[in-house]
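**Q** Letter by letter, the chains look like this.
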Amino acid sequence: MDYVHSVWSYFASICNCWQCTEDTGAQPNEPNERTHLLVDPVNHSPALRRSNSDGLSNDYAHSLPKRDDQNALSRLVQNTAINMINVGAMDCHSLEHQEYADRIRLYSQRLHQQWNNVQHPSISLKGLLKDVPSHQFYLSKPIFPEDTAQMKLFTEKAHISVSHIQIDHKEAVVVPFRIP
Amino acid sequence: MDREKLIVSNQIGYLILKEDGAVLESGGDLKNDEHSANVIMGLLNLTESIDESFMPNSSCERITIDYEQHYYSICMSNRRIYIVKISKSQNGVTTTTSSSSSNSVYNDASDTGAVLA
Amino acid sequence: MEQQLEEVLAEIAARQDTVGALLANRQGLCLGTKGNINPNVSGIGMAISEQVAKLEPNTTVPATICLYSGNKRCVIQKDGEITGVIFKQQTAASATAASN
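If you're matching them up, the sequences are chains A, B and C in order.
In terms of UniProt numbering, the first sequence opens at residue 1 and continues consecutively.
In terms of UniProt numbering, the second sequence opens at residue 1 and continues consecutively.
In terms of UniProt numbering, the third sequence opens at residue 1 and continues consecutively.
No lab work stands behind these hints: they were computed from the structure.
Nothing here was measured: the structure is a model prediction, and the numbers come from that model.
Backbone N, C-alpha and C define an ideal beta-carbon position, used for all residues, glycine too.
Where hints are given, some of them may not hold.
[Unchecked claim] Have a look at the derived ranges for each label pair, beta carbon to beta carbon:
hint, chain 1, residue 1, chain 2, residue 2, range
1, C, E2, B, L46, 23 to 33 Å
2, B, E52, A, R103, 44 to 54 Å
3, A, M84, B, K18, 42 to 52 Å
4, B, R80, A, R34, 28 to 38 Å
5, A, Y100, B, E52, 55 to 65 Å
6, A, I104, B, S53, 47 to 57 Å
7, B, N45, C, N38, 37 to 47 Å
8, B, P56, A, H97, 50 to 60 Å
9, B, K88, C, K54, 14 to 24 Å
10, A, N71, B, N45, 52 to 62 Å
11, B, E52, A, R34, 43 to 53 Å
12, A, D168, B, K18, 54 to 64 Å
13, A, N71, B, A22, 22 to 32 Å
14, B, N45, C, E2, 29 to 39 Å
[Unchecked claim] Straight-line alpha carbon distances no greater than 25 Å define the calculated SDA-like cross-link-like pairs of lysine to any residue that follow:
hint, chain 1, residue 1, chain 2, residue 2
15, A, K130, B, E34
16, C, K34, C, E81
17, C, K34, B, E48
18, A, K157, C, G70
19, A, K130, B, I16
20, A, K130, B, Y67
21, B, K18, B, V8
22, B, K18, B, F54
[Stated by the list, open to error] Covered stretches of chain C (chain A as the covering partner; in silico rule of three or more C-beta atoms under 8 Å from a C-beta of chain A):
hint, segment
23, 33 to 46
24, 83 to 91
Generate the whole structure from the sequences, applying the supplied hints.
**A** Have a look at this one:
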């Protein structure tokens, strides 16, 4: 499951790069944080080698009478091929460990800069508490024992009085509907 | 106990949370007490004000929760939420052992021995 | 009918520094108020007390919650089916009395 997840996030990251790169105007040779992880994967995917699958269907066309089935099958093969990206066949630039570490540092630094520029929505006031200058001052303030005592008396007496509440009905409680 | 932060006297536990409720520091009775952190965050995030005319929203400087043997004191400073559990008796240690049986994780060696025995 | 409840509320609201008292039922509906307190407070009062009840669910004596804002205090307690809310405001006279 982890493997599937990592593959998925990998593709997701590729998609993100597709969305965000175009307007940066960075030099194509200089890799940066917006560079595609895979260089134009569509061109390298076997999907575009359509001739293969076309040839396949042609070769076997005469031996199989049901051409509709054959078409459906080759469509399936094509669709599968379209969804495949042959990473191994691509010219992936391998990174030296030092370069890798450098990039991690550079990218996290840029991320940090961006993060500081973002207006965080959580700053807006919400909830019961307000921000106070000194937590120690407020935390060490005493509590009011008389509040607790007053409340104890209140709830005790309230329990008794609530149990005494009853409805003094002056008319019939059950009213018959006038059903014709 | 001495390696833990002392915020107020008679303190028997503390939690320091980020605004989103993530635990930054904890100790004593409240060590790693995510449950208490979640409950208190749920309390603080009740966005409705008590009464706009008497106590408007986000105007409380402190909230206390008072029990028989101890109470909690809660406030927010520099966008950190501070929760301290404070013993009501003068000798905080005696009440620590009685109240820590509830749900706290205690790292004291003597206490662990007591639980095992 | 609820005369006895009115008497309890009046007694509690007449205490020192007390601005008003309110009683809510389990549904957060207001059973009665006395003094300067909005009956609508019953809903949020019950919500606060229900939330705090989760903190130490095994305790037998109910917790008393107090919110502090300047010289004002809002005291809340849920005891079984009912929740009480008391608004208090410390006057200058009582503040000096407390410090003595």
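**Q** Please go over all the hints and tell whether each is borne out by the structure.
**A** Hint-by-hint comparison with the structure:
Restraint check, E2(C) to L46(B): a C-beta distance of roughly 29 Å satisfies the suggested window 23 to 33 Å. Under the hint 44 to 54 Å, the C-beta atoms of E52(B) and R103(A), about 53 Å apart, fit the expected range. Taken as a hint, the range 42 to 52 Å holds for the pair M84(A) and K18(B), whose Cβ atoms sit roughly 44 Å apart. Between R80(B) and R34(A) the CB atoms are about 35 Å apart, so this pair conforms to the stated range of 28 to 38 Å.
In this structure, Y100(A) and E52(B) meet the distance hint of 55 to 65 Å, their C-beta atoms being roughly 56 Å apart. Checking the proposed 47 to 57 Å range against I104(A) and S53(B) shows it holds: the Cβ atoms sit about 54 Å from each other. In this structure the supplied range 37 to 47 Å is violated for N45(B) paired with N38(C), their Cβ-Cβ distance being about 22 Å. Restraint check, P56(B) to H97(A): a C-beta distance of roughly 57 Å satisfies the suggested window 50 to 60 Å.
Between K88(B) and K54(C) the beta carbons are some 22 Å apart, a value that agrees with the proposed interval 14 to 24 Å. Between N71(A) and N45(B) the CB atoms are about 59 Å apart, so this pair conforms to the stated range of 52 to 62 Å. Remark: the range hint 43 to 53 Å for E52(B) to R34(A) is upheld by a beta-carbon distance near 48 Å. Checking the proposed 54 to 64 Å range against D168(A) and K18(B) shows it holds: the Cβ atoms sit about 56 Å from each other.
A hinted range of 22 to 32 Å is violated for the C-beta pair N71(A) and A22(B), which are about 57 Å apart. Our hint of 29 to 39 Å for N45(B) and E2(C) holds, since their Cβ atoms are close to 35 Å apart. Proposed proximity of K130(A) and E34(B) is supported: the alpha carbons are some 23 Å apart, at most 25 Å. Among the hinted pairs, K34(C) with E81(C) is consistent with the structure: their alpha-carbon atoms are about 20 Å apart, no more than 25 Å.
A C-alpha spacing of about 22 Å is found between K34(C) and E48(B), which places the hinted pair at or below 25 Å, so the restraint holds. In summary, the hint linking K157(A) to G70(C) is not supported, as the alpha carbons are separated by about 29 Å, beyond the 25 Å threshold. Distance check on the hinted pair: K130(A) and I16(B) sit about 16 Å apart at the alpha-carbon level, within 25 Å; holds. Proximity of K130(A) to Y67(B) is assessed by CA-CA distance (about 24 Å); at most 25 Å being required, the pair is judged to hold.
Of the pairs offered as hints, the one joining K18(B) and V8(B) holds, with about 20 Å between alpha carbons and a cut-off of 25 Å not exceeded. Taken as a hint, the K18(B) and F54(B) pair is broken in the structure, with Cα atoms around 28 Å apart against an allowance of 25 Å. A stretch counts as covered by a chain when three or more of its residues have a beta carbon under 8 Å from one of that chain; for the segment 33 to 46 of chain C and chain A the count is 0, and the coverage is violated. Given as covered by chain A, the segment 83 to 91 of chain C passes the check, having 3 residues with a CB less than 8 Å from a CB of that chain where 3 are the minimum.
Consistency note: the structure conflicts with the earlier hints numbered 7, 13, 18, 22, 23.
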